[in-house]
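Residues per chain, in single letters:
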Amino acid sequence: QSALTQPASVSGSPGQTVTISCTGNTSDIGDYDAFSWYQQHPGKAPRLIIYDVINRPSGVSVRFTASKSGNTASLTISGLQAEDEADYYCNSYTGDRTWVFGGGTKLTVL
Amino acid sequence: EVELVESGGGLVQPGGSLRLSCITSGFAFSSYRMNWVRQAPGKGLEWVANINQRGDEKNYVGSVRGRFAISRDNANDSLFLQMNNLRGADTAIYYCGRPSRGFSGIEHWGQGVLVTVSS
Chain A
242 QSALTQPASV SGSPGQTVTI SCTGNTSDIG DYDAFSWYQQ HPGKAPRLII
292 YDVINRPSGV SVRFTASKSG NTASLTISGL QAEDEADYYC NSYTGDRTWV
342 FGGGTKLTVL
Chain B
216 EVELVESGGG LVQPGGSLRL SCITSGFAFS SYRMNWVRQA PGKGLEWVAN
266 INQRGDEKNY VGSVRGRFAI SRDNANDSLF LQMNNLRGAD TAIYYCGRPS
316 RGFSGIEHWG QGVLVTVSS
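Protein sequences appear in the order of chains A and B.
Position one of the first sequence corresponds to residue 242 (the working numbering), numbered consecutively onward.
Position one of the second sequence corresponds to residue 216 (the working numbering), numbered consecutively onward.
One thing to keep in mind: the hints can contain errors.
Straight-line alpha carbon distances no greater than 27 Å define the calculated DSSO-like cross-link-like pairs of lysine-lysine that follow [stated by the list, open to error]:
id : chain 1 : residue 1 : chain 2 : residue 2
1  : A       : 309       : B       : 258
2  : A       : 309       : A       : 347
3  : B       : 273       : B       : 258
4  : A       : 347       : B       : 273
5  : A       : 285       : B       : 258
6  : A       : 347       : A       : 285
Read the hints as simulated data drawn from the structure, not as lab findings.
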């Protein structure tokens with residue numbers, strides 16, 4: 242199972258909105274809603290920010306929203322803040338009882 | 216408060232073995248599937264393995280299947296990863312993780328433990 246495809250980097254200025262894409266196949270993203278997004282700051286464990294495609298765990302800012310269409314999922318961060326600068330990873334169920342992550346996207350807040 | 220604490224990492228020679236442990240607290244351990252995820256230095260996340268609540272269904276990423284074995288002890292709220300025939304490519308921080316209440320997502324993570332495979 243190949244890793245899901247994410248852009249290596251995205252950037253935006255404070256207050257702006259950025260979107261990170263995650264592309265897979267019909268056998269993973271396309272077929273299942275078992276999909277999540279993670280934020281990871283340097284030297285820290287990942288933090289779940291979206292699960293089941295669109296849901297935010299308790300404590301996650303409403304500035305984080307997500308969607309999925311066909312084989313592509315998207316994470317949108319609005320009102321960009323300096324603290325949002327981090328690596329972001331998508332994750333999907335693959336259908337054979339295994340899971341796959343995207344390669345990760347480094348978000349830079351200018 | 217949910218807490219996961221990994222241990223057992225270290226330096227091991229290629230072909231060697233290590234056993235990672237993840238001691239949990241603050242939740243009903245026996246009610247959750249559990250996961251191991253790793254991250255090579257400077258690289259992205261890789262899902263490694265998971266185990267169901269009873270411990271009779273175990274799944275692995277292809278690169279570790281046949282070399283790694285996930286297990287759990289529900290009486291002691293603990294998760295394990297036995298790693299055999301280790302390779303340089305297995306060098307990584309290993310995290311244990313508890314899923315969310317939904318169908319996807321690892322909501323709670325340990326601090327991670329470093330495994331270094333080198334001669």
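How the hints compare with the structure:
no., hint, result
1, 309(A) - 258(B), "holds, 25 Å"
2, 309(A) - 347(A), "holds, 20 Å"
3, 273(B) - 258(B), "holds, 25 Å"
4, 347(A) - 273(B), "violated, 32 Å"
5, 285(A) - 258(B), "holds, 13 Å"
6, 347(A) - 285(A), "holds, 14 Å"
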